[in-house]
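S.K.: Sequence:
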Amino acid sequence: RQSHLGDPLPELALLWIAMSIIVKITYKARLQAEVKAARATETAEAESLKRQVVEARMAAMQAQVEPHFLFNTLASIDHLIETDPPRASKMQKNLIALLRASMPTMREANGSASGVRDLGREMAVIAPYLEILKVRMEDRLATSIEVPEGLRSAEFPPMMIQGLVENAIKHGLEPKPEGGTL
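The sequence shown: position 125 = 125 (the working numbering), numbered continuously.
Derived by calculation from the structure, the hints in this document are not laboratory data.
One or more hints might be untrue.
[Said to hold, decoys possible] Simulated crosslink set (DSS-like; lysine-lysine; CA at most 30 Å straight-line):
| # | residue 1 | residue 2 |
| --- | --- | --- |
| 1 | K170 | K134 |
| 2 | K176 | K90 |
| 3 | K170 | K90 |
| 4 | K170 | K93 |
| 5 | K90 | K28 |
| 6 | K93 | K134 |
| 7 | K176 | K134 |
| 8 | K93 | K176 |
| 9 | K50 | K36 |
| 10 | K36 | K24 |
Given these sequences and hints, build the entire structure.
M.R.: And the structure:
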């Protein structure tokens, strides 16, 4: 069969080939976009799971630390009421300050999953905590807190400083008969 310059068959074949190439390129780009989206979703889900694990660990640690510390402090106050009422009063006031500083954070932890707070609020919890420990350990514990004003608004992981302070006292200063400075 011969084809002449005006016949539609060769033009139709070229059009079909061109359309096939365009469809193939479009389909390939769509597949690549879907793969990228799936990877991004997987990464986001993995990061979310990691964050949830860290938050759960922090909540578990906080749940273990606070009741133990609270009961020990109340027992100390009870004993000091009979033996040294002024020290009992001082310890009770520091416990109240500690609970006041801790309560907003506990409420926020129940309502959101941010996992951070500012260093100033973290220090507001640590200062009365240290004062309570100073009453318990008497002259065996000296403390000094120095945080530049500009850093108080910096974001900071909750419970991090408290964990460091607890470990420093429990494993570093409490075993020493002479105590030390933190």
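S.K.: Give a verdict on every hint.
M.R.: A quick look at each hint next to the structure:
no.	hint	result
1	K170 - K134	13 Å, holds
2	K176 - K90	25 Å, holds
3	K170 - K90	22 Å, holds
4	K170 - K93	23 Å, holds
5	K90 - K28	73 Å, violated
6	K93 - K134	13 Å, holds
7	K176 - K134	15 Å, holds
8	K93 - K176	27 Å, holds
9	K50 - K36	21 Å, holds
10	K36 - K24	18 Å, holds
When the structure is compared with the earlier hints, a violation turns up for hint 5 alone.
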